[in-house]
Amino acid sequence: MVWTRGHVDWECCWDRDVVALGDCPNIHEGDEDLLESPRRRILEKCCDCPNFKRDLERFQASGHPLGPVFSLVHDEYRRQKIHIQSLLSFLDSKSLEIRFLHELGSVLQSSVDLEEVLSVALTAITAGRGFGMNRAFLLMVDHKRDHLQGYLAIGPRSYEEAHQAWDEISHNDMDLQTLAQSFRKNKLTAERAKFHDILEQISVPLSTTTHILIKALDGKQPMLIEDAFHHPDVDQDFARLLGVDTFLLMPLVSRNRRVGMIIADNCISHRRITAEDMHSLETFTFPVAFAIERASLYERLQEELNRVTEAHSKLKEQQELIVRMEKMALVGRITSSIAHSIRNPLMIIGGFARSMLKNTPAGDPKRNFIESIVGEARQLEGVLDEILNYSDSLYPTKDFWDVNQLVETALRDSAAALRAKGYESTFSAGSELPPAYIDFKQVSYCLRTILQCDLHGIGHELVMDIDTSREDDIITIRVQDHGRYIPQAELDAIMVPFSSTQEMGASLGLALCRTMLEKQGIPLNALSEPESGIIFTIALPVRKEEP
Amino acid sequence: MSRLLVVDDEANIRLLYAEELKDEGYEVVTAAGTAEAVEKLQESTFDLAVLDIKLKNESGIELLQKLVKERHDMPVILCSAFSCYKDDFSAWLADGYVVKSGDLSELKQEIARVLAKKNQRQKAGL
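Residue numbers (the working numbering), protein chains in the order written: chain A, 64 to 610; chain B, 7 to 132.
Covered stretches of chain B, going by a simulated chain A footprint (3 or more residues, C-beta under 8 Å):
hint, stretch
1, 22-35
2, 98-107
3, 110-119
Hints were generated in silico from the structure; no laboratory data involved. Glycine included, every Cβ here is placed at the ideal spot set by N, Cα and C.
Make the full structure from the sequences, and use the hints.
Next up, the structure:
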């Protein structure tokens, strides 16, 4: 037989330069470019074509010495082709995995938000385009309590829920980051609540080294647990809690520090978890552990930063307060020093003038001059008292004080002055009053000023009634002066500090008292009524004000 | 006649007190500072002391503490240009407190009150 092209009636089209669509059973629409390329056609289609195989058998049967060689080469070529295809498929799947891990890594590396990291990690485990597990639990190491504690979980709890979720995912083609963001935004809280009962029960002391979770954590290696209900190392309560017989334990360890654990299973589909799954997930756990630890540290750092910022701001406030107090103290010291320097000569002038006055007969023309000196010296002393009291009021010192005792002391101090004016006084002390939070000196001064004030007015009887009472968190000191009445408008004007209508002297005392008390947040009110006289009320707090 | 010790660093104030209190019937001895006061106290006994709080570079409060410890039977009235000492705990050791004024009636009343109280205590054998 002569073996030339076109000479033998071959079943396959390998000997033709050009074929038409339909001539080759392996060339279909879309493969038209092969119709005019015999080389590509032979390599890509003929080797797998049954027609070609039969042609080859005919060739071999003809007894040509190359027949067996061609068959050998053909078989080897087919075997190699299948191998290459399987390698390609493996490469494709690895390439997808690497792309996924890259995507995961870039999200995990860029985030310092713990919830975002956890959302990404758990979404990656359960997403179809990720590791495709049905359910994942995240346990975190509580370093304060030395416990491994359930923290978060993701996945369906029933078939219905699973199908609904898969259906939803298949309709929304989202990348991993978008999926994780959507999970965090829409489902994180719900998932936490959904698995709350299970998460709450997963709490294992790190010292319980016999527990499978701690074993896996200490071993720092993932573990595939199969036949959990009969597994010698698995606590049966724990297996029942998970409700699956096969699950994967993946310890999260970062720089030899135990961070937590991921438990993953296929509780709905019951798809077998393979060694491949385990290795893939193992690659994934390192960046997750690192990201969780970094996010936790960042969170702690943020808390510390907030604390430091708060402390700094408090320190700044305190510093400003100290500077202010130093200034006030300086003002106080200067005022006191001036007042002291003035008071002594003033006292000597007034004192000797009084002595002279005593020894000057009534008709002596010098008496008027001496009286003027005495009067002016008295007025100057009054002004001096107020200046000193004002400088005292610049820095109140508050503490808890017995109000009834305060009133009794003020009454005792004012007894002589009241007697001199012909006043009688009564005091009705409220029972079981708690201590008030006040500056004792200032409130005492104000009460003494009220009791001794020189308001000019006309009243019914020279009686001063004082009482104390409590309502909620306020103790009220009420002073009713029956001996005087002045129009309310005039009284109001007197109570305005440094108002232009006032003269320096005794009446300034009331305005000063109001200013002094207002600085402590204590209201001083004065009400004048023709029938009752003047009623002063001071409302004292029993609690420290909120900072 | 009650004997009073007046301690003040101002000579004119000592003079004024001495004159006014003598008029009230007291025997008055004056001292310009702590050392002189201690000296006078060692020389004789007094029924009452009137102390100024600010004595140049010394403190009348320290002298008051010394007197309370060593002469607890002798009452002390503090007399100062500062009203704020009245509510100072250290000043509470004194039997009376008077803010300095050209009008000495408050001081005179306080002296009379404190001496009367002392006499009552003595009568009661306390």
